[in-house]
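*Asks:* Sequence:
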Amino acid sequence: MAEPLARLFPPGDGRPHTTVANGRPYTGMAGGVLDAPVFDADLLQANGWIRVGAHALSGPTAARPAAPIVDQLFFDTTLTLPVVWDVLAKVWRNVWTGAPA
1 MAEPLARLFP PGDGRPHTTV ANGRPYTGMA GGVLDAPVFD ADLLQANGWI RVGAHALSGP
61 TAARPAAPIV DQLFFDTTLT LPVVWDVLAK VWRNVWTGAP A
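The UniProt record's numbering applies: residue 1 is where the sequence shown begins, and numbers increase by one.
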């Protein structure tokens with residue numbers, strides 16, 4: 001199973017930003033988004049990047065959390081849409097339609 005990623009917005013001053021986290025360069029422009037491993041996301045946040053939701057992760061469908069928390073948000077890059085964990089039905093749901101995803 002692939003490791004989940006964190007979705008981040010680059011610093012919002014309108015300039016391109018490149019930040020190196022654990023030896024990997026991340027470049028972003030205002031208005032864009034970037035997915036990074038959670039351990040890199042912490043370093044990016046410390047350098048002005050903004051994480052989308054405290055518990056929001058992203059990645060392919062196979063990387064969805066095995067034990068999600070109530071209302072866990074996940075940006076599914078396979079389906080290219082955000083899904084949310086429905087704890088009562090024990091299914092991931094498309095946030096726009098409510099359909100199981």
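I should point out that these hints are in silico values taken from the structure, not numbers from a laboratory. A couple of the hints might just be wrong.
Claimed, not checked - Lysine to any residue pairs mimicking SDA-like chemistry, simulated, CA-CA at most 25 Å apart:
1. K90 x L73
2. K90 x A101
3. K90 x A66
4. K90 x A2
5. K90 x I69
Claimed, not checked - Cβ pair distances, simulated, as ranges:
6. W96 x P60: 17 to 23 Å
7. G31 x N94: 34 to 40 Å
8. R93 x M29: 20 to 26 Å
9. R15 x R93: 36 to 42 Å
10. A46 x W96: 31 to 37 Å
11. G98 x T78: 33 to 39 Å
12. A67 x P37: 14 to 20 Å
13. R24 x I69: 35 to 41 Å
14. A89 x P60: 29 to 35 Å
15. P100 x A67: 17 to 23 Å
The beta carbon of each residue, even a glycine, is placed where N, CA and C say it ideally should be.
*Asks:* Checking against the hints above, which ones are violated?
*Replies:* Numbers 7, 8, 11, 13, 14, in rising order.
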